[in-house]
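K.L.:
Residue numbers (my numbering), protein chains in the order written: chain L, 1 to 198; chain C, 199 to 455.
Some hints here could point you the wrong way.
[To be verified] Heads up, incomplete: computed chain L residues facing chain C, CB under 8 angstroms, no partners named:
(1) W44
(2) L111
(3) N114
(4) N152
(5) L154
(6) D156
Worth flagging that the hints you see were computed from the coordinates, not collected in a lab.
Every residue gets a Cβ at the ideal spot worked out from N, C-alpha and C, and that includes glycine.
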Amino acid sequence: MKNFTTSFILLITIFTSCSSDSELKKSVYIVDEQFPDLPQYSEWGYNTFGAYYDRQAFKSNDREVPIKVINQEGKTSFVFTGQKGSGYSYDNFTLTLTITDFNPLTYVDLLQLNNTTLDLTDSKYEIVIKDIENTYTTQIISGQFQITKAQNLLVDKKAEEVILSGKFDFQALVEGLPVTISNGRFDVGVGNGNFYKY
Amino acid sequence: MRLHLLCLVPIIISSFSIKAQNRVKFIGIESGASFIQCDHVNKSYIRGDMSTAYYGDGMSQGIKSEMYKIHLGATVEVRSLNDKFGFITGLRFTQLNTSVSKNTSPDYFFLLYQQTGTTTEYLRIRKIQQTATYAGVPIEVRFFPFPRLKKFRIYFMAGTEIGYELSSRTSVYFYDRTMESYKSGVLKIIGDHDHLYSVFYGGAGFRIGKEGRPGINLGVTAPVVFTNQNSSLVTPITGGGINIHFQIPLGTNRISQ
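The shape of chain L in the complex, shown without the other chains:
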C-alpha cells in the first residue's frame, strides 16, 4: 500500500510538472473591426487565425485545435484547422503549409522562423486544402506566408510554448480553378501538446 501511495504521488508530481497552462490553449477571439468576419491580428498567442477564401471566411473555432505542427520525413507541416463559412452554415476546413528542409527537433526550434517571409511559389513550399469531402493539392500562382514574430513564451519564468504570429495571402489553382486566399492572419501557440515529430 505504501509503495502504491508513493508511486501515485510520484505520478501526480510528474504529470503536474509536465503540464502546461491550459489557459494558454484557449482561443481568445477579438473581432477585426475592418474585417468583421475575421479575428484581429495579434501577437499574444490567442490561438486564432482567419482568412478570406474567395468571399467566404475561413477561421479558427473553439472545437478544433487551431494549429498542429508535424515534422515527418524531412518535412514540417503547419496544419491550420477551423471552419469555412459563418453563422449556422459552415464546414470543417483545413489548410496545410508544408516546408521541406526544415526539421525542428522540438517546438522551441520554431523560433528560427522569426521574421521570415516564405515565397509560396518556391517549390520548397506546398499548400494542401481539405474540406469535409476532399483533399486538394494546390498549385500556387502567387503569394507569400509571413511569420512576423516567433516568440518563446515564458510564464512565471517557465517556458510554456512558442507563439507564431503572422500574415498570409496567395492565389492558387484548386482543381484547375483559381481561388484567392486574402487577409490571412494567425496568432497561435505551439507547445508539447500540438508539436509532433515521428
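Please arrange chain C on chain L, whose structure you already have, making use of the hints.
P.N.:
Chain C alone, transformed into the frame defined by chain L:
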C-alpha cells in the same frame, strides 16, 4: 469641470452674503459609499480572455474591474432665505479603491511583463488593487421642493467634489508568490494615475428631524460621474451610492419667511 464650478460660484457667494445671518445654518459630519461600474478591461499589458463564441468589442470577458469609494467629511450648510435651497461645502476625505481580477476559473490572468528579442514573459496575476486617499472640497446644492413636515423633509441634490491625492498604494497579488520580486516592474507597467480627483453627482434623500434641531439626512447618490481618470487600472463609467449626513444647527437659526 471648470464650467460646473463656475456655475456654482454665484450660489456659494450668495450663501455667505450679508444676509447670511438670517439663514438657517448647520454643521455636520457625513459618510457614504459609492459603487462605480467600469468599462471592460482593455489594457495592452493584460492578455485578453474571451471565447470565440463572444463577438463583442471588448477585450475581456472573464477579467473584472471594480471600483468603489468611501468618504468621511465635515460640512457646513447654509439655507436660502426662502428655505428651499441648501448650500453645502466642507472638507471630505475620500478613499478610492480599484481592482482588476478574474471572475472565472482559474483565478488568474496573464500580464505581459516584457518582450526582449524572441522571448516574451508573462506573469500570472490573481489581482491588482489600487487604493488612493484624497482630501477634497465638496460643493453641493440641495433643493427642498415640498414644505416642511414636522420631522421629515425630502430633498434633491447636485454636487461636485475636487480632491487632491494624499496617499496611494498598489498591491499586486501573484499566482506564484515566488514572483513577488517582480512587483516593482509590474508597477512600472501599470503606470501612474491622475493625482487630482473630480466627480460630479446627483441624488435625492430625506431629512429626519425637526428643523432647528439636530437631524439625519439619508440620501442616495446617482449618478456618480468621474470627470477625470483617477485610476490607471480601470475606466469608470457611472455609479451610485448612499450617504448619511448628521447635522446640528448653528447659532440662533432664525428662518426668514
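K.L.:
So which hints don't hold here, by number, going up?
P.N.:
Violated: none.
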